[in-house]
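Q: For reference, the chains in residue letters:
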Amino acid sequence: MLFPTLDFGLFFLVAFVLVWAVSASNEWRKILLLVASWVFYGAWDWRFVALLIASAFLNWGSARLIYEARSRSAQKAIVTVGVVANLGILGFFKYYDFFLEQLGALLAGWGMARDLPLMQIVLPVGVSFFTFQGMSYLIDVYRGRLRAASLLDITLLMSFFPHLVAGPIVRGADLLPQFERTPRLNREMVAMGLLLIVWGLFKKAVVASELSVNLVDPVFFDPSAHSSLDLLLAAYGYAVQIYCDFSAYSDMAIGIAALFGYRFPRNFNQPYRAASLQDFWRRWHISLSSWLRDYLYIGLGGNRGGLAMQCRNIMLTMLLGGFWHGAKWTFLIWGGLHGGVQVIETLWRKAGLPGLPRVLAILVTFHVVTLGWIFFRAESFDAAIAFLGGLAGGDWSNGLTTPLLAGLMLLGMGFHFTPPLLAQGIALRLRLLPAPLLGLLVAAAIILIDAMRYEGVAPFIYYQF
Amino acid sequence: MAREMKDHELASPVDLPGEPVERGDPLAWTAVTIIVAALVLLFANAGTLSAWVDEKPVTQAQQQASGLAAGWKDMMAAAGLTAPREALHARWKQLQAARFGDEAPGGTQ
Chain A
1 MLFPTLDFGL
11 FFLVAFVLVW
21 AVSASNEWRK
31 ILLLVASWVF
41 YGAWDWRFVA
51 LLIASAFLNW
61 GSARLIYEAR
71 SRSAQKAIVT
81 VGVVANLGIL
91 GFFKYYDFFL
101 EQLGALLAGW
111 GMARDLPLMQ
121 IVLPVGVSFF
131 TFQGMSYLID
141 VYRGRLRAAS
151 LLDITLLMSF
161 FPHLVAGPIV
171 RGADLLPQFE
181 RTPRLNREMV
191 AMGLLLIVWG
201 LFKKAVVASE
211 LSVNLVDPVF
221 FDPSAHSSLD
231 LLLAAYGYAV
241 QIYCDFSAYS
251 DMAIGIAALF
261 GYRFPRNFNQ
271 PYRAASLQDF
281 WRRWHISLSS
291 WLRDYLYIGL
301 GGNRGGLAMQ
311 CRNIMLTMLL
321 GGFWHGAKWT
331 FLIWGGLHGG
341 VQVIETLWRK
351 AGLPGLPRVL
361 AILVTFHVVT
371 LGWIFFRAES
381 FDAAIAFLGG
391 LAGGDWSNGL
401 TTPLLAGLML
411 LGMGFHFTPP
421 LLAQGIALRL
431 RLLPAPLLGL
441 LVAAAIILID
451 AMRYEGVAPF
461 IYYQF
Chain B
466 MAREMKDHEL
476 ASPVDLPGEP
486 VERGDPLAWT
496 AVTIIVAALV
506 LLFANAGTLS
516 AWVDEKPVTQ
526 AQQQASGLAA
536 GWKDMMAAAG
546 LTAPREALHA
556 RWKQLQAARF
566 GDEAPGGTQ
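Protein sequences appear in the order of chains A and B.
Using our numbering, read the first sequence as starting at 1 and increasing by one per residue.
Using our numbering, read the second sequence as starting at 466 and increasing by one per residue.
These are calculated hints, taken from the structure and not from any lab test.
All C-beta atoms, glycine included, are put in the ideal place defined by N, C-alpha and C.
Honestly, I wouldn't trust all of these hints.
Listed next, with one range per pair, are the computed distances between beta-carbon atoms [unchecked claim]:
#1 VAL84(A) - ALA555(B): 53 to 61 Å
#2 ARG556(B) - GLU101(A): 46 to 54 Å
#3 GLY393(A) - MET540(B): 49 to 57 Å
Just chain B, same shape as in the assembly (with noise of 0.2 Å):
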């Protein structure tokens, strides 16, 4: 328990060595990096929005909004933003189901 550990085992993973970068305001950068991907998610991963709302306790307010996220998830789809997401998780789906050679799926032996 007692071998000498360099400096990167050591530090905060968050700081990196050199130079910081100067230029701006970093909080608003990150600010502008976070609201950005927040809204691309909202556009092209509208699914997953509709699938949250549904899996809330069912209540009045909770029907509406789920009528609500799969309005805006049927209107995402149709303009084509959801596309890439549905074609990644169909070819993700794919590979779960190949399997070796003519093995059978697991389950079914």
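Bound conformation, chain A alone (with noise of 0.2 Å):
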């Protein structure tokens, strides 16, 4: 069930109808949210709802043993058999196949080919982020930052449906004391959640699904096929068809869950005007890379131990975030590049090395960002070499960008270049007006963008992770 669709719309109108009806009563609030979630869950695959349940039960069972355990050291032992069996979901599920792959390719190096047991494991959506989260979850609670959660609560925190399946990973600490009381509404919070589902529908619907269809798709599809042009301007156009993705995911999963009541942390922030790599990760996919510096950078001893150390740290933390996205070498060498850069970045500062210019930072920094997304984006390595061939193969004729394209890949940077405060200013505006006004405007904008959107919408890009 994709958000912008009328089934999600339909499942939406019902799911806050139930739940606002029986708000006098919290637990029966969060008993109708858990059961939408795994509805909406469900609809993609029900035995995966199952897999939900039972990482629920296994966080929540962990949480409570650290929490009534005795000594430290037990609850160390407990903390760590529970990210362990959390990996374990995460292993099995995602990269399973691709590890026992490589091991055949290995042994058939040595003349040992064996018949491996592949298992063409189907990826339960989503798997990624509750893993993460329910990591997360522990490990606070072994920190002492969280007290163990009821069931009910932590079931709902990893199932809570505008967050399930793409983020962002809404940590306990965000959530769980928002759960523990009856959430109020507000005409602030209304009224940006409803601009937040109306540009999030217009970045998704209209601006990255007519780049994937009409730009990137045809020219990753078939780098040889196509101008260096065309390479050039589908890598600048997938920049911005994930950009709008992405984030129209985000904005549309805080603003769902602003009508319900409840506040998701902000998860991209303009992220193309970043000067640098590591402002780059201060800006996009927020909850992965606080995520990443507090459980995994931090954890590995971030930058104490001297600056070899805290290289090396940024590599490792910076290739297993890349590895978290996809059981592929790709994304490898795109979490490598992020990492090799910010060790670059990091080794320059501390050599007193003069920075560059602002704007000319920004530029470098979006093409090396640009750069990653090619092998982001590309089936295979040996495909991201052969579009970077292309890219120097000098053919300068346009094939496929049209006017709209363009403008619409214009559009997708310019977002980056609005004063940072404008949407809040936008919903305080809206706030104040009459319902049935705001009501008009809120359809209006959505035939607006019904109107232009391509026919059909595919999933949102980080749903295959």
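Two chains, two frames, some hints: make the complex.
A: See the structure below:
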């Protein structure tokens, strides 16, 4: 069930009415939200609802045991088992076949080829998100930052449908305190929530879909059939597409949660105006980058232990962050590129070398990020290399880009250079409108988007992770 | 990985600055907003409803719903309510078909 569809629209209307109808009881409200979340998730595959419930049981039970353990060593043993179990779920569904394929290739290289038991495992939607959420919850309980939550609350934390399949990775510390009391709506959060939903719908259904279908997909499908200019514009197009696609999901998730009275943290902050890769990761998928920082980078030692250790930790964090996206070498290369450039930035800064002028730094950062997106989007390492080789082909004729596509690319980049508080300013005005007028405006915006949207809606890019 | 974040970068985007609007019941205000939006879409975007029903797996109930949705769409079109959406869509299709200079449409070169 995709957000920008009528199926989801009807599902949302029913859930909204039922959940607010029982809001006299916070427990019933949460139970209804939980059932709605399972219906939402079950629309992909009912079998994975059982995995979600089992995962919630695992984290609930582990957290209770940590909370009740008498010694720190016992707590450490339990949190280790819990984290390993979460990683086991992720590893089995996401990486089992990949590692077996690598092993098979290795054995074949040594002249010991074997038929290994590949399982063609179907990846549960959102498994990377809810396992990371479960792990951060356990670690926070272990570190004493959170109390062990009730089974209902932890199950709802992991299942809550707005963030379930593609984030943001909402941590227990963000959401569990909100579950403890019946939320209250106010006009501010509703106005901003509606604005985010409509804005996300536009970015996904119009900008990302149009660029994907008419430029990016055809070029990445067969780079050798396209000119250097097509390849270059497709690379820029993908940079805009993935931003408009993923930030749209986050915007809609934040907006939908707000209409149920819950606050999700910001996940994007104009990432392409970053002046360094480190700055980029403070603006892109903030819930993942802060997760990696707090639970991996700092866990590895962070910037303690000297410059060499800091560089090693940055590199490891980014490589694992890349691998989190999927069991493909291209994601590792993508993570390695981001890690490598951040290491260079760190060394540059430590050496006291002068920084680039801000505009130039933004341009360089954007092009490094776009280079990384080529590996991220390509089907294989060879395809990415063929794409890069094609860029140097020297054929600068335009085969695909239309004035509309060029305009959408410029628009997608233009979003990054609007005032940071523009949306909040608009929402502050919307909250003052009479409800019928606001309803009319929302409907008019949706009709406008629907008139421009590409026929059909492709799944969000981050659903595959 | 250690720059200080500004407040607007950390907070939830739905937490707006300033004094909240206290008048009326916010839930009622929200409900009326959503109901009005849904009704306007039901009338002025009837074609989308019809297309959605037609995409569903064919059953007897789906066939009946498809007939009803098509009738509803025709009724709204006759009343002129779907005209704005159709005009916008036609304009969008023109923009999609536009090319730089005398370039041929994509895929025909």
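Q: Give a verdict on every hint.
A: Hint-by-hint comparison with the structure:
1. VAL84(A) - ALA555(B): 53 to 61 Å: Since VAL84(A) and ALA555(B) have Cβ atoms about 58 Å apart, the given range 53 to 61 Å holds.
2. ARG556(B) - GLU101(A): 46 to 54 Å: With Cβ atoms ~50 Å apart, the hint holds.
3. GLY393(A) - MET540(B): 49 to 57 Å: Given range 49 to 57 Å: holds, Cβ gap about 56 Å.
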